[in-house]
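Trainee: If you want the building blocks of each chain, they are given just below.
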Amino acid sequence: MSDITAPANETPSAENVEAFNRHLKGYVFIGGLQVLFTFVAVIFSFVFTETATKMSAVLLAASINAAIVAFIQMHLKGEKPFIWRFLYFTAIFFFFLFFLTLLHHGDPIAGSVIHY
Amino acid sequence: MEIPYTVSSRPDTGLYNAKLGVWLFLASEVMLFGGLFSAYVFLRLGAEDGYWPQGLLDVPVGTLNTIILIASSITIVLGWASLKMRQYAKYKLFLLSTILLGLLFLVIKLGYEYPAKFSHFGAFIKKESLAEYEAYLGNQYAKDKGLVPRYEITGHLHEIEVIRDGKREEILAHSPSDIDRLRAQGVQIEAYKVAVDRRNAEPTNPANDRPSFIYHGSTEKIVTIHAKDVERASAFVPKHSQFFAIYFAITGLHGLHIVGGLLVFGYFFFFGHTLYRKNPEQMANRIEVAGLYWHFVDLVWVFVFPVFYLL
Amino acid sequence: MAAPITSHAQGDPHEHSHDDHHELGFWQKYVFSQDHKVIGIQYGITGLAFLFFGFGLMMVMRWQLAHPGEAVPVIGGMLRAIFGETVFGTDGKGAIGMLTADGYNTFGAMHGTIMVFFGIVPVAVAAFGNYAMPLQVGAPDMAFPKLNMASYWCFFVSCVIMLSSFFVAGSAAKSGWTSYPPLSVLADSGHHAFFNGQTLWLLGMVFNITASLLGSVNTIVTIVQLRAPGMTWMRMPFFCWTQLVTAFLLLLAFPPLEAAGFMQLFDRAFGTSFFMPSGLIVGGAATQWAGGGSPVLWQHLFWFLAHPEVYVLILPALGMVGEIIANNTRKPLYGYKAMVGAIFVLGFLSFVVWAHHMYMTGMGARVAAFFQTTTVMISIPSVILITALLLSLWGGSIRFTVPMLFATTFLPMFGIGGLTGIPLAFNATDLYLHDTYYVIGHFHYVVAPGTIFAIFAGIYYWYPKATGRMMSEFLGKLHFWLSLVFINGIFFPMFLQGMLGMHRRWYDGGATYEGLSHAYSLGKTGLEWNSFMATSAFLLGAAQLIFIYNFFGSLFTGKKAGRNPWDSTTLEWDTPTPPPHGNFDKEITVYRGPYEYSVPGASKDFSPQSEPPENEPAAAPAKH
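Protein chains in written order, with my numbering: chain A, 1 to 116; chain B, 1001 to 1311; chain C, 2001 to 2624.
In isolation and in its complexed conformation, chain A is listed as follows (with noise of 0.2 Å):
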């Protein structure tokens, strides 16, 4: 049994090389694209006035981003369905967090003052 594969020490063949620069553009255009939706981000918060648009377009454009680092960097896109089945659970105890404690700001006692 060995977990070793190729040795160490080969030069890399032409196709591996060629391989390579196909990644290195590939990921220097996904890089770009990032870039591309941070200044996105940063005009949407300067253009939109409102409060509400102003979120929901901001927000928009950093989850893009994040949807490429998640899927195209962290490869998340072609990942084993184990792991897939696990985020969506950590997703769901998520929003739990996230949502749940906004109830209270929401629910009162009717007539009480103190909002916590």
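Bear in mind the hints are in silico, worked out from the structure with no lab data behind them.
Everything numeric in this text was worked out from a predicted model, so none of it was measured.
Careful, some of the hints might be misleading.
Here's a subset of chain A near chain B, in silico, CB distances under 7 Å, partners left out [to be verified]:
no., residue
1, V42
2, S45
3, F46
4, V58
5, N65
6, K80
7, F82
8, I83
9, T90
10, F96
11, F98
We treat Cβ as the ideally placed atom computed from N, Cα and C, and that holds for glycine.
Since the structure of chain A is already known, use the hints to place chains B and C on it.
Mentor: Below, chains B and C without anything else, positioned relative to chain A:
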């Protein structure tokens, strides 16, 4: 005795151990930063109108930091690709770039942003004294225009007027932390002389209605704020306001994660060649796993930047 | 594909980075070991020591409640010398060693923290999980041995920090194990800025949480990736399932508490007001905090962890009880599949019930209704589990070995704990019972005669495998009966005191409630019950000395045990005793389920998982 599936993948899950391990760890990190972000939402919703500041963070610098982290994400994934293709020299170059970019991020944050905050002064005016400082707050103008009320005068602290041994003195302030030092000495503070920021210098100028992209420094206009009118005053330190409290908490924790990542990368940079010689595939896996952690740290920043700097 | 190697018999031609080819030094073998069994024992001994220490704290508190205003006899002076004057003052008659109000709060807060995070979790989750789980899945070790070692030492650092907090000015944390602000942010703030009880508590918790998180990652990866060939998911012992769900709970629920602890540290160290409300007046003066924060935010973040935490405390216990019941009834567990489903549902639901600890915080009807519904729902999987375990006894050929005594007793004890939780689940009844002794009785029943009895069962059960010796059966039975009687003596009256309305965490022993009707407390006042409970506590403590003597004495004088003294089917009994580094002395393949006892037609009344089927010579195992 060897632990199976350290390098090769287990057939039914298709994963090697460390890959599963790091995703599990990242899920817990999602909950960690999720807890902090949920605290942010909770605090912001609970904040009274006018007490959640905007425009106090340097957007161009923040954008630059975001680009730096994005670039470092790209370089580490390219480093991993190089390693998979056994191009060791290229891998070391990309790893070095990642480390340097990460260090640059920290230098900008710790060398410029944080110190700039610690020397920036802000005083919240008591509600009953707002009328006196209308010239610098412009609340009537804000009300007419439907803007959020303003309760804070910000700028750079020039002098502090104190009463020491019964005599009125004017002390040149080197930084707002002088306030705490004077208080600890038991000196009574009478007034703050502040070179105010643009929004307080020209509160009715429409250009100052909303935060601008270019970060303007303070103006030359000196305003005297009497201590009796001040609810609380300090530098932009964590205790200054809820905004800065959660800002420093999240960026501080994020910064600690960057330091952790840099330590791991540093270890691989200086000591990784032995494992590479012995088992290059395992080395590639290690870089992949460390890279996943680094991408997560980038992902957190992708949300931190808009939430704090832009919204 | 790499076949897992669990021995050197195959003689790999290339070199591996082994540590058992060369002799390991003392430090690497016994102290900084990467072997899961050594680490498991390290967690176990540390955890048991803390359980004993936490019990001691409680005994002092029980004395105080039974004899309010009196110094602790005999050892009062010694206690003051150790814990300081804040904790032990002088009583009205001039005797040294009376537990002060601050001291009572300190002991109460630390009793809770220590028992939960430094006692039960290290023993039930880390010790048994580390020791038994890799053996049960047929793995040579945990997936990340170095990380495992780092986790233990991270935990050890947290232990040192927590213990050291007793010796700083103002003594240890005193704001409850729940650490609610504003009290927890204000407490001990007059002393040293960093070396004070509450700040050290927060720092200790950060290290403890980190160790837990790293351990959970290790557990999950081991169970998913390192199961032996033939060990399909449904052939895994129930204990491993409970460890898996427990690890998920720890992994996802602990981080918000770490975030909250971080924020409380900020509040204390940097004067932020995450949790400090506006307008707080302390001692007649405004505090230095600006305010604008929310104490309830802490409660949300704390209970988001702490509710799953209580399921972390019970699940490994259920797992161990399952193993022992199957083994001692000589038949499979009833409803194994239903039990596995139930623990997953339990784990999932445990994340969405937390605010039932917060019914009194001023939440509106909708939020209360939501949490009430989920809380009542979560009783369903719990009942499924207990019923399945109970039904597993039916028709069995029961052997009342010492582990079995503890395991069967777990069922009614946990039943009492669970059933008494029902009035607490409903908002309306909780209004009366919240913060009374009823709550303390409820959760102690689940954890003390519940989990701790299961831990004892596990220790008696796996001790022969770890040490090669059997513990004394006579002493074990004595320990069992005495513990059972006295533990009920401590906790049952708490329900009565609670229904009387007696408030928890109060130093006066219930004096405030003296004038009330005793209709609900069987004619005795709260204070009278305290005497009864204190006596039970001391006798319970004495009974544990029997266990300690048995535990250490049997190492030398216990009957020698072979590979499989209990005639059990699971894989951990198929190793040499005690198991060496690498665990198994042969290639392990799993051929059948975990509880194949009394299989019709088999030659003996148990069919070990790794034994090839009798009628076919070394038949091919089922695919993964």
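Trainee: Take the hints in turn and mark each one as holding or not.
Mentor: Hint check results:
1. V42: Interface hint status for V42 of chain A: holds (6 Å vs cutoff 7 Å).
2. S45: holds, 4 Å
3. F46: holds, 6 Å
4. V58: Holds: closest Cβ of chain B sits about 5 Å from V58 of chain A, inside 7 Å.
5. N65: For N65 of chain A, the interface hint holds, since the closest Cβ of chain B sits about 5 Å away, which is under 7 Å.
6. K80: holds, 4 Å
7. F82: holds, 5 Å
8. I83: OK, holds: I83 of chain A within 7 Å of chain B, min 5 Å.
9. T90: holds, 4 Å
10. F96: violated, 10 Å
11. F98: holds, 5 Å
Checked against the numbered hints given earlier, this structure breaks only hint 10.
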